[in-house]
Amino acid sequence: MTEQELAFTQDELDEIERIKAKFPTNKAATLRVLWVAQEKYGHVKPEVQNLVADTLDLPRSHVHGVASFYTQYYKEETGTYVLDVCTCLSCQVCGGYDILHHLEDELGIKAGETTEDGMFTIQEVECLGACGYAPMLQVTNGVYANNLTKEKVDKLIENLRKGKKPEFESMVMRQNEKRKKELSQ
Amino acid sequence: MVEDWKSYEPLIIPDIPNLHRIEVYEEHDGYRAFRRILDNPEEWSRTNVTNEVKAANIRGRGGAGFNAGLKWSFMPQPDERPRYLACNGDESEPGTFKDRNIFEFNPHLFIEGALIAAYAMSVDVIYVYIRGEYIDWVRIFEKAVEEAYEKGYLGEDILGTGIDIEMYTTYGAGAYICGEETGMLESLEGKRGYPRIKPPFPAQKGLWGNPTTINNIETLANVPLVINNGADWYQSIGAEDHNGPVLYGISGHVNKPGVYEYPAGMPVEDLIYDVAGGIRGNKELKALIPGGTSTPVLRADQLEGVSMDSNSLRDAGSMMGTAGMVVLDEDTDMVDLLWRITHFFHHESCGQCTPCREGTGWLEKVLLKIKNGEGEIKDLDLLLDMTTQMEGRTICALADAAAWPVRHTINRFRDEFEERCKKSVHAVA
Amino acid sequence: MPEVFIDNERYEFEGDYMALQFILDLGKEVPFFCYHPSMSIPANCRQCMVKAGQYIKDEETGEYELDENGERKIRWFPKMQTSCALKLSDGMVIQTQETSEEAERAQKDTLEFLLINHPLDCPICDQAGECPLQIQTYKYGPEGSRFEVKKVHKPKRVQLGPRVTLDAERCINCTRCVRFAEEISETNQLTIVSRGDKNYPMTAPSETFDDPYSLNTVDICPVGALTSTDFRFKARVWEMNQTPSIDITNGKGCNIDLWTRDNEVLRITPRHNPEVNDYWMPDEGREAFEQFNKNRVSRPSITLDENNQSNTSWNNAVETFAEILEAHDPDQLAVFGTPHASVEENYAFNKFFNLLGASNARFTPHIIPGYGDDFLITDDQAPNTNGCRLINLEETDDTGIQSAVTSAKVVIILSDDLVGRGVLSADDLADRYTISLATNQSDTTEASDLVIPITCVAEHAASYVNIDGRIQRSFPAKETKYTNRRLNLEMSEGRLDRYGTNFDNWVNEEHKIDCLPVWEFLNHLGERIGLEFQYDHSRAIFDEMSDRIDPLKGISYERMDEELGVQLPIEQQEVTQA
Numbered sequence: 048m049t050e051q052e053l054a055f056t057q058d059e060l061d062e063i064e065r066i067k068a069k070f071p072t073n074k075a076a077t078l079r080v081l082w083v084a085q086e087k088y089g090h091v092k093p094e095v096q097n098l099v100a101d102t103l104d105l106p107r108s109h110v111h112g113v114a115s116f117y118t119q120y121y122k123e124e125t126g127t128y129v130l131d132v133c134t135c136l137s138c139q140v141c142g143g144y145d146i147l148h149h150l151e152d153e154l155g156i157k158a159g160e161t162t163e164d165g166m167f168t169i170q171e172v173e174c175l176g177a178c179g180y181a182p183m184l185q186v187t188n189g190v191y192a193n194n195l196t197k198e199k200v201d202k203l204i205e206n207l208r209k210g211k212k213p214e215f216e217s218m219v220m221r222q223n224e225k226r227k228k229e230l231s232q
Numbered sequence: 003m004v005e006d007w008k009s010y011e012p013l014i015i016p017d018i019p020n021l022h023r024i025e026v027y028e029e030h031d032g033y034r035a036f037r038r039i040l041d042n043p044e045e046w047s048r049t050n051v052t053n054e055v056k057a058a059n060i061r062g063r064g065g066a067g068f069n070a071g072l073k074w075s076f077m078p079q080p081d082e083r084p085r086y087l088a089c090n091g092d093e094s095e096p097g098t099f100k101d102r103n104i105f106e107f108n109p110h111l112f113i114e115g116a117l118i119a120a121y122a123m124s125v126d127v128i129y130v131y132i133r134g135e136y137i138d139w140v141r142i143f144e145k146a147v148e149e150a151y152e153k154g155y156l157g158e159d160i161l162g163t164g165i166d167i168e169m170y171t172t173y174g175a176g177a178y179i180c181g182e183e184t185g186m187l188e189s190l191e192g193k194r195g196y197p198r199i200k201p202p203f204p205a206q207k208g209l210w211g212n213p214t215t216i217n218n219i220e221t222l223a224n225v226p227l228v229i230n231n232g233a234d235w236y237q238s239i240g241a242e243d244h245n246g247p248v249l250y251g252i253s254g255h256v257n258k259p260g261v262y263e264y265p266a267g268m269p270v271e272d273l274i275y276d277v278a279g280g281i282r283g284n285k286e287l288k289a290l291i292p293g294g295t296s297t298p299v300l301r302a303d304q305l306e307g308v309s310m311d312s313n314s315l316r317d318a319g320s321m322m323g324t325a326g327m328v329v330l331d332e333d334t335d336m337v338d339l340l341w342r343i344t345h346f347f348h349h350e351s352c353g354q355c356t357p358c359r360e361g362t363g364w365l366e367k368v369l370l371k372i373k374n375g376e377g378e379i380k381d382l383d384l385l386l387d388m389t390t391q392m393e394g395r396t397i398c399a400l401a402d403a404a405a406w407p408v409r410h411t412i413n414r415f416r417d418e419f420e421e422r423c424k425k426s427v428h429a430v431a
Numbered sequence: 002m003p004e005v006f007i008d009n010e011r012y013e014f015e016g017d018y019m020a021l022q023f024i025l026d027l028g029k030e031v032p033f034f035c036y037h038p039s040m041s042i043p044a045n046c047r048q049c050m051v052k053a054g055q056y057i058k059d060e061e062t063g064e065y066e067l068d069e070n071g072e073r074k075i076r077w078f079p080k081m082q083t084s085c086a087l088k089l090s091d092g093m094v095i096q097t098q099e100t101s102e103e104a105e106r107a108q109k110d111t112l113e114f115l116l117i118n119h120p121l122d123c124p125i126c127d128q129a130g131e132c133p134l135q136i137q138t139y140k141y142g143p144e145g146s147r148f149e150v151k152k153v154h155k156p157k158r159v160q161l162g163p164r165v166t167l168d169a170e171r172c173i174n175c176t177r178c179v180r181f182a183e184e185i186s187e188t189n190q191l192t193i194v195s196r197g198d199k200n201y202p203m204t205a206p207s208e209t210f211d212d213p214y215s216l217n218t219v220d221i222c223p224v225g226a227l228t229s230t231d232f233r234f235k236a237r238v239w240e241m242n243q244t245p246s247i248d249i250t251n252g253k254g255c256n257i258d259l260w261t262r263d264n265e266v267l268r269i270t271p272r273h274n275p276e277v278n279d280y281w282m283p284d285e286g287r288e289a290f291e292q293f294n295k296n297r298v299s300r301p302s303i304t305l306d307e308n309n310q311s312n313t314s315w316n317n318a319v320e321t322f323a324e325i326l327e328a329h330d331p332d333q334l335a336v337f338g339t340p341h342a343s344v345e346e347n348y349a350f351n352k353f354f355n356l357l358g359a360s361n362a363r364f365t366p367h368i369i370p371g372y373g374d375d376f377l378i379t380d381d382q383a384p385n386t387n388g389c390r391l392i393n394l395e396e397t398d399d400t401g402i403q404s405a406v407t408s409a410k411v412v413i414i415l416s417d418d419l420v421g422r423g424v425l426s427a428d429d430l431a432d433r434y435t436i437s438l439a440t441n442q443s444d445t446t447e448a449s450d451l452v453i454p455i456t457c458v459a460e461h462a463a464s465y466v467n468i469d470g471r472i473q474r475s476f477p478a479k480e481t482k483y484t485n486r487r488l489n490l491e492m493s494e495g496r497l498d499r500y501g502t503n504f505d506n507w508v509n510e511e512h513k514i515d516c517l518p519v520w521e522f523l524n525h526l527g528e529r530i531g532l533e534f535q536y537d538h539s540r541a542i543f544d545e546m547s548d549r550i551d552p553l554k555g556i557s558y559e560r561m562d563e564e565l566g567v568q569l570p571i572e573q574q575e576v577t578q579a
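Going line by line, the protein sequences match chains L, Z and V. For the first sequence, this note's numbering begins at 48 and goes up steadily by one. For the second sequence, this note's numbering begins at 3 and goes up steadily by one. For the third sequence, this note's numbering begins at 2 and goes up steadily by one.
None of these hints come from the bench; they were simulated from the model. In this text the structure is predicted, and so the values were computed from the model without any measurement. Worth double-checking, as some hints may not be accurate.
Anything over 10 Å on all C-beta distances counts as not near chain Z; from chain L, calculated [what the hints assert, rightly or not]:
hint : residue
1    : 53
2    : 61
3    : 88
4    : 123
5    : 148
6    : 152
7    : 165
8    : 173
9    : 177
10   : 179
11   : 190
12   : 203
13   : 221
14   : 225
15   : 226
Straight line, CA to CA, 27 Å or less: simulated DSS-like cross-link-like pairs of lysine-lysine [to be verified]:
hint : chain 1 : residue 1 : chain 2 : residue 2
16   : Z       : 258       : L       : 225
17   : V       : 58        : Z       : 367
18   : V       : 352       : V       : 554
We put the CB at the ideal spot given by N, CA and C, even for glycine.
Given these sequences and hints, build the entire structure.
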């Protein structure tokens, strides 16, 4: 992919304008426009970072510095699904590493690697804010899969291979019984 | 300490289906506090609102526990500069998973609280910064903001009062340091999340150099309760000097982990054994990290009679933090646990200032050595030495947060660490 | 007046002051890395820690509160403070490493951290000898290392741009380079990439650090992370002499230091002058060192036949010059001064031909419109345009030079490549006897019949008037065949100069150019033709000028040295292409 071929569509440019309108400076839109770019290309490799910089009329070095600071931006191409397995604190003590190692065994790759078919990338990540539902993982910066077991992981992989992503799971407080009941109906 | 907690009905996240929808929220007295203020501007002048909140002593729920109203009063008199309220929904302290419940189940309570804060401080724009991993909650919350705009609670000429307040939601992209208030400001400005030196404080020079106040999501969700029921009522909930409802996030080796809402000052043992259903597999309790990963771990024997409020936890040798309680059972390997904590801080140090950038990595590497059975007793003292070299020497508190668990875990579980070193390949008699 | 107490001494201060700058201004020391007086204060290296507090004043009486021993009570700040970002306030008490063990400990601790991932490769590092990290480690650092685990590895030998090389492992993340590109040169070409201990400065992936001021980052880098690609591995700093001088590559007159070893200029760095260039200079000015060493005119030369020049003796050069002058009337001479040479050279040169009866020498400014920026690069390509005006040389445009040549039989050019810069063509000079007094080989010397080698700015003391009308001067930095460091007290003498002999392999006589200051040559020439003309030193020329030229009244080399140059009361003239 050469830099010339990269461009935002009119719809994306409109979205970028809406993002810019939230802030008094273009610079403030950097993180959000990197997200727009990552959604489009699946990564923010250097040429995509430059597209973001040029679109926002910012120094390319600035966008490069920002992209490299935040871990959710993929600076390299990844598999179709990125499985971010939390192994931090609560997940560590509740079997996060077992889940990670199980995934590694199942997919035949190590954390940080991508399967040969380009389907899965596994990453070991820091706390994702789902400590009460440990162990857990996040699929490609999106949905959370909570309270994992090896069986649940196998099912998840199977579904993902079929293109079926898990659905958002509402974790209702145990004190909210009425809500729970409503949700289960 | 709170004793009659069993009859407590949640206030921040009450058991009302579909409360996240604005009609339902309004049906249950939603936006009443805000309307009351707008309808009675004399009784509820900006100063009076601030004073009421100050009197209620809402301790910041983001970890520092600072009186929210007092924080508001640091804002300078309005001048020609724009004024901002930056709401911290970064929630990335390991063990903490509470604010996402507010976004999901009662977003309007928070929006209303933020509006009242904005009114009290003459704020023009509210930014809500949510961690990037919470993208699903961002989408849920954005819908609530849209509803509030449609109903005229946000935007220009709010409810016909001539007051203009905008609320913009935005999100990060993976960096714990953006939960530090000035790191978050830098991130909001589209930069690397390097915390700023203070002074100047955000109230003087915050977002784009303008007066800015930063509050946690849960903190602001408490504000409408105070306006509706008064500071005295609020003071009556919870412990002395630490009041109001608290979202306790309980995780680790308990039977019923999750977020629970109870008054501040809950007995730790009640929370673990009663609320959270006790230790999994009927094991013994070994230790508790009471308020997120940076709060010092307490041994089971240090927990007797301790309650979840700042005074009691301070006396016990720890801190309230975010009330994200991580319960650890008898089988927990404290060396492994501490190594993983230092791994976290090493990964998340922004790298701006020396003691943290270098110290967090060194801590992790030495602990890895010990964990791998290659440690020596002198490494433990080196680690303790490093913690004093890091603490209080950096721009923000990340170095402190990295140092405390190391110091306290080693000191409180010294035997376990020494044991591991004695078995090491380098062990000397 | 508000007062502060530093290491138990009382000082008064006025206005806004940060503690570190105040302490440095007192001539005291606190170690630091990231702080730079001309840039924003990030307080990120955490090296300049001091213990600080406040004497407690009774609010009602305004008196200091005393303890039981009659000593003033102090409220110490709970944490150690970075003095760079600590604003002085009335009654503040500061203890540096000299009086506080805590401050000393904090500084030592920070140094230990800075060194753990640093490669400690001083023996092969260019920065060694002038490295703040090395110096401060010796002064304030720990004695050994307790770091027994693996260091972080980062990119090394990265060609960041055409002139700057990065070793990211040596970097201590002070961000001076990034701030320079943001705040001073404003090219924004640098950023810190990655996070935590993997941080290092970098350009955007598709970009190169070709900032026209890029080498300033090498100067301010407090470690050997950024080094000059050209100067790398050429010399140890302690082997070199450092001589103050003036940048002669443009009209700004940046204050510089010439770094010489064995009479070769090896590098040029900026010298602080808040009135002219602050701490900075353009990269172009640094590249000038080559012209002081290479392509020099050494020994006079004379054209024997059509195209062949041959070296000749000084006697023969003087004789030939004299014969030409004797064979022509003054009005047959076209005499050209130059903005590329100093005031003294132009003055002596012009005076010589005035004495012969010629009218004032002409000169044409050397301007490239649009070449400059709003900072230190100017449209004016010469260092002394205003100096030529000051001594009333006749300013003319290129056409004026051409017509003067056309109507002359003899053309005498002082140090100006009029052919190379397109004012004249070699053909214009073909039918005239052309004499060049020059420092370097050029198209003009090639087209000349007689070439007299003269000293360059690195070899003489002389003054230059910059575009803003400031007169500043140079010092001799390298010896010629006829000067001697040990006899000329204005010259600095390094270890290698002092102890080197012709038998040492680091001494090379070839580096000494066979040339004379223009006035000395004219002394010889004057003597030969019986002209009353004698200047022993440029100082004598300057003294005469300061007597005769109003704006120079009361100005001397000493004043220029003390005041880092003197602003002349001359009207600032827009230097334009005539």
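Okay, the hints, checked on the actual structure:
1. 53: holds (20 Å)
2. 61: Nearest chain Z Cβ is 17 Å from residue 61 of chain L, so the label holds.
3. 88: holds (15 Å)
4. 123: Non-interface label on residue 123 of chain L holds, nearest chain Z Cβ at 15 Å vs cutoff 10 Å.
5. 148: holds (14 Å)
6. 152: For residue 152 of chain L, whose nearest Cβ neighbour in chain Z is about 21 Å away, the distance exceeds 10 Å, so it holds.
7. 165: holds (23 Å)
8. 173: Violated: least Cβ distance 5 Å, not greater than 10 Å.
9. 177: The claim breaks: residue 177 of chain L does not keep its Cβ more than 10 Å from every Cβ of chain Z (closest is about 6 Å).
10. 179: Since the minimum Cβ distance to chain Z is about 4 Å, residue 179 of chain L lies within 10 Å and the statement is violated.
11. 190: violated (6 Å)
12. 203: Non-interface label stands for residue 203 of chain L: nearest chain Z Cβ at 17 Å, farther than 10 Å.
13. 221: violated (5 Å)
14. 225: violated (5 Å)
15. 226: Answer for residue 226 of chain L: violated, closest chain Z Cβ roughly 5 Å.
16. Z:258 x L:225: Cα-Cα ~18 Å, so holds.
17. V:58 x Z:367: violated (48 Å)
18. V:352 x V:554: holds (19 Å)
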